[in-house]
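Quick mapping for you: the protein sequence lines, in order, are chains A and B. Quick note: the working numbering has the first sequence finishing at residue 242, numbered continuously throughout. Quick note: the working numbering has the second sequence finishing at residue 507, numbered continuously throughout.
Calculated from the structure, these hints are not laboratory results. Each statement offered as a hint is correct.
Covered stretches of chain A, going by a simulated chain B footprint (3 or more residues, C-beta under 8 Å):
(1) 78–91
(2) 100–107
Under the rule of at most 20 Å between Cα atoms (straight-line distance), these lysine to any residue pairs were calculated in the SDA-like manner:
(3) A/K78 with A/E157
(4) A/K78 with B/E373
(5) A/K78 with A/L109
(6) A/K26 with A/L187
(7) A/K78 with A/Q155
(8) A/K59 with B/S376
(9) A/K78 with B/S376
(10) A/K78 with B/Y382
(11) A/K52 with B/S376
(12) B/K442 with B/D427
(13) A/K221 with A/T21
(14) B/K442 with B/G495
(15) A/K52 with B/T370
(16) A/K78 with B/N381
(17) B/K442 with B/T499
(18) A/K52 with B/E373
(19) A/K78 with B/T370
(20) A/K52 with B/D378
(21) A/K78 with B/Y276
(22) A/K26 with A/G185
(23) A/K52 with B/E470
(24) A/K59 with B/E373
Chain A side only, calculated, beta carbon under 7 Å to chain B, not exhaustive:
(25) I48
(26) I50
(27) M74
Every residue, glycine too, gets a C-beta built ideally from N, C-alpha and C.
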Amino acid sequence: MIELRLVKKRLGTRQVLDGLTLLVPKGTTYVLMGPSGSGKSVTLRHIIGILKPDSGSVKVDSLDVPAMNREQLMTLRKRMGYLFQNGALINWLTVAENVALPLREHSRLGRREVQERVMEVLRVVRMDHAADLHPSRISGGMKLRTGLARALVTQPEYVLYDEPNAGLDPVMSHQIHELICEVRGTLGVTGLVVTHSRACATICGDQIGILDGGRIAIEGKVAEMTHSDHPLARAFLGAGSD
Amino acid sequence: MNLFAAIGQMLRERIEGAGFVVGLFLRATGSLHYLPRRLRFLLDTAYNAGVRSLPVTLIVAAFAGAILALQTGIELRRFGDTSVLGTITALTMCREMGPFITGVILAATVGSAMAAEIGTMKVSDEITALEVMSVDPVNYLVLPRLVALAVMCPLVTALSNLIGIYGGGIVAEHNLGVSQTLFWDSAHEALISSGMLLPKELYVGLFKALVYGTTIATVSCSAGLRAEGGALGVGLAVQAAVRDSVILIIVFGFIITWFFYFLAG
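All chains, full assembly: derive it from the sequences and hints.
Encoded structure:
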């Protein structure tokens, strides 16, 4: 379970998070929406331990993330996958090498097993044909899919998705949404998805929260949120909002 | 008050920066056991640092040796004693000029590239991605670069020394009338006069190169890792890497010379 309570964070002169409370029960997918710059990605970075809150608590499975030392954080992160907005692929590694990186670093799998696992995940995100290409030779959408493959290759318990469909065409976006649903269904992955996309939120989410002014302005089940009269819910989830 | 605040802020940033560099060096040397896993990357970096920077280093070294011999030779000729030209050229190249030239060129070429590469990774979230995957950026990115430069800088310096002396020899013969035999005999004599297995002039120079290589890699990686704010931040990181590396090369050069020739005799 991911649990943030009354988290405050100031970056420079801006109060990005101002008493954010957020609960993501195990095995569910929580979709976090909100205006640009409202602190969605900052929230993800608190959960993975890259940022520490000024006040409040951030817990994963009751473990206090900000209080962890380097080794404890590394252990926690091995149980998590993270999809970055731009994929954040290592430039000098090929697509396959990028996906293989966490396995090569942490698993005891042999070279052939790693290769098989990597190709399996690349097939799922439809990137197997580009396995030997470098990131500079592939499109933004392909980078994102490779990043997704890298986040999933270690079969993590938690996956944090930062704009999983940014820059993707509608067909590929739909496939990514289905993939997020699939990993939750088959692997029991707990997910936190940051997105602006109504389709992504309604297809992938069990619960949707909308961030505004550094805290959750409104949250609820998908059906409740899509029928809500709250202005933010209507702006992000109303008909034609995609 | 604002002036004091600005000075205080600048000092604080400098001290923090120095602390970061020292901490990075200690963390990198503390993770030497990861080196076998980084062998491929180490060899790539060593190739880039050593082999690809070799032509420019050797051209500069050859002309530096030639200039040194020419300038010294003009004065020596006034006293009618150009026979020590080989000695002076060899000692100056091996003690100071060879390591210094190599260090500055590596800082400008390899160090700047390192800072740009790591800085770009930093601003495009690749470093964060490594951390999120529990891959330590220090042993993954910094360690191979540090070892590659620590090994390649002395090797390139040794070649620079040789080519620099050779350049001096050519000028000595063609412009100052000193025969190649006399020049090389005096150079050889100067270098082996210490009677040790490796002449002091050589090993002090190579030790300097080792320190310079380590310094360039650490300072450049540190500048890259501290980059922020997009392309502008990467540019500033490159600028800081080259500037700080060159300053430290000069400071460490003085300290090592002082230690070996004054303190330790």
